[in-house]
Amino acid sequence: MKAGTAPASSSTVHVVISMHLKEYTGSGNEIDIDAVSTLESLAKALDDRFPGISHRFLDDQGNVRRYVNIFVDGEDIREKQGTHTDLSGAREIVILPSVAGG
Amino acid sequence: MNKSSKGARKEGETLLMVGTKKGAFLFRSKDGRRTWKASGPFFKGIQVFHMTYDRRTGALLAAVNSYQWGPTVAISHDMGKTWKNCTNPPRFPKESGLSVQQVWHVEPGLEDRPDEIYLGVEPACLFVSHDSGESWDVDASMMNHSTRSKWSPGNGGLCLHTILSDRRDHDKLHVGISAVGTLYTENNGGSWDFQNKHVLADFFPEAEKYPEYGQCVHKIVRRSDRPNTLFQQNHCGVFRSDDNGRDWKNITNNLPSRFGFPIAIDSGPSPRVYVAPLEGDFARIPKDGRFSVWASDNSGKEWFPLNRGIPKVSYYDVLREGLKSDGLDPSGIYFGTTTGQLYSSRNRGESWSSVSDALPPVFSVEASAA
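Residue numbers (our numbering), protein chains in the order written: chain F, 1 to 102; chain B, 1 to 370.
Keep in mind that the hints are not guaranteed to be accurate.
Stated by the list, open to error - Dumping the calculated DSS-like pairs for lysine-lysine here, alpha-carbon to alpha-carbon at most 27 angstroms:
1. B:K94 / F:K44
2. F:K22 / B:K21
3. B:K30 / B:K10
Unchecked claim - Short, incomplete list of chain F residues facing chain B, as computed with Cβ under 10 angstroms:
4. S18
5. M19
6. D59
7. Q61
8. G62
9. F71
10. G74
Just so you know, these hints were derived from the structure itself, not from any lab.
The beta carbon of each residue, even a glycine, is placed where N, CA and C say it ideally should be.
Construct all of the structure, not just a fragment, from the sequences and the given hints.
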C-alpha cells in the first residue's frame, strides 16, 4: 500500500492507474471502486468511470497487454492465475507499463 | 466531442502530416509551399503509423500504436494542440479469437456520409466509424472471409494498409492487404471479392504465380479524372488496371527495379504517377546508393527519374505511406524516409527541397491543400 493512501474498506478496492493514462483519468489516477472479483469486472468498473480505458491494458480477448503489468496487493497477476486471478478481497490494484532495460 | 474551430486550418494553407516511429508532426505552409512551420511531436515517443486530415470536419485523425498501451485512433479538432483518444477503439468480437495489434491507415469517407471514417488494421480487417471516429465497428464480412485462415502476412505483418473509396458510389471500396492482395466490395463491405487477375506473385511455385489471392500489394492509388484506372506498387512490380481492378497489367517497364513500397498520383487531365524503387527483393536500398523518385506521364509506359535536389549519396528508404501528392496545380509531391528526411517539391518532382533532415524514422506522409 502506498504511504499516505488510506486503505480501502473490504467493500471497496483502491486502484492506482499509471499517469500515462491521465488522458482518461485526469488527475484522479487513484480511486476507490466497489470491490470486484474478476479482471473483467475491474475493466467494466474502470470503463464506467473512464470510458475506453480498459482497452489500453487489455486486448480484445481480455488478455493483459504484453508490456503492461497489473499488481494485486503487490503481486503481479501473471505470478498468480493471470486473467483468472480472483480479485475478491484485494485491497489495492496497480496498473503500470512494464519497463525493460538494455 | 468538441468541434470548435480553434486552431483551424487557414484558407490557402497546405498541410503536411507526418507519422513517425516517435510521434507525429504537422507542417503548415501559408506561402504557396515555400516555407513550413512545424509543430509536434504529438504522441511523443509513440508510433504513429498514419495521420490525415478530414476535410469534412477539419479534424486531424491519427493511427497510434503504443508498445505498452496498444493501438487506438486519436482525433484533434485544433490542428494538434489537443488530442482525444476515441472512446470505443476498434476491437474484434471475443468469439473471433482476434485482437487488433496495430492500426495502419485511417481514411475519411465521402462527403455524402460526413460521419463515416474507415480504418485498416492488423490482423487485416476493415473497421468503420459512423460517428466521426468515436467508435468503430468491424466489417464482419471481411473478418469472416472464407479464405482468411489461408491469409499470410508480409514482412510488415498481415495489415490492411490501403482504403480506396470511389466518389461515384459510396458503397464501392477497394482495400489492399499484405500479402493477400486487392479486395473489392460493391455493397459497402457486405461481401468482398479478390481483384488480383494478372498480378504476379512469383514467390510462389511456378504453377501458382498468378493465384486468386496471396499477392503482396504495397499500395494502390486511383486516377481521379478516370476513376476506373488504378495503379499499384506491388512486391513483384508496378501494375495498372483500366477496368476498376478487374484485370491488371504489369507496367514496370524501364524502372530500375520492380520493387518499392509507395505509389502516388497527382491530379489533373494528365496525372503523373510516382514510385520510389528500391533494389529488391532483399537489399531494399536505392540502386547504386542514390535515391530517386521515378515518374511516368503516360500511365506507366515509360518512367524517368526525378532527383534534382536529392543528395547523390542517399541510401533512403521510403515506406508504403511515405510518398504523397497534394492535389494542387502544379502538384506538390512529398516523401519521408526511414532515416528521418522529409522532402517537398512544388513542381511535380522536377526539383526537391528539404523540409526537415532530422525527424524520427518516417512511417507516413499525407498532404492536404485547401
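Here is how each hint holds up against the structure:
1. Only pairs whose Cα atoms come within 27 angstroms are accepted, and K94 (chain B) paired with K44 (chain F) is accepted, the gap being roughly 15 angstroms.
2. Distance check on the hinted pair: K22 (chain F) and K21 (chain B) sit about 22 angstroms apart at the alpha-carbon level, within 27 angstroms; holds.
3. Annotation: proposed proximity of K30 (chain B) to K10 (chain B) holds, straight-line Cα distance about 8 angstroms (limit 27 angstroms).
4. The beta carbon of S18 (chain F) is positioned within 10 angstroms of a beta carbon in chain B (closest approach about 8 angstroms), and the interface hint is therefore held.
5. Hint status for M19 (chain F): violated, given a least beta-carbon distance of 12 angstroms to chain B, over 10 angstroms.
6. With 10 angstroms as the threshold, the beta carbon of D59 (chain F) comes within range of chain B, its nearest partner Cβ sitting at about 4 angstroms, so the hint holds.
7. About 5 angstroms separates the beta-carbon of Q61 (chain F) from the nearest beta-carbon of chain B, less than 10 angstroms, and the hint is met.
8. With a cut of 10 angstroms, the hint placing G62 (chain F) at the interface with chain B holds, because the nearest CB-to-CB distance is about 7 angstroms.
9. A least Cβ separation of about 15 angstroms between F71 (chain F) and chain B goes past the 10 angstroms threshold, and the interface hint is therefore violated.
10. Annotation: G74 (chain F) was flagged as interfacial toward chain B, and the flag is violated, the nearest CB pair being 20 angstroms apart, outside 10 angstroms.
Of the hints listed earlier, those the structure fails to meet are numbers 5, 9, 10, in rising order.
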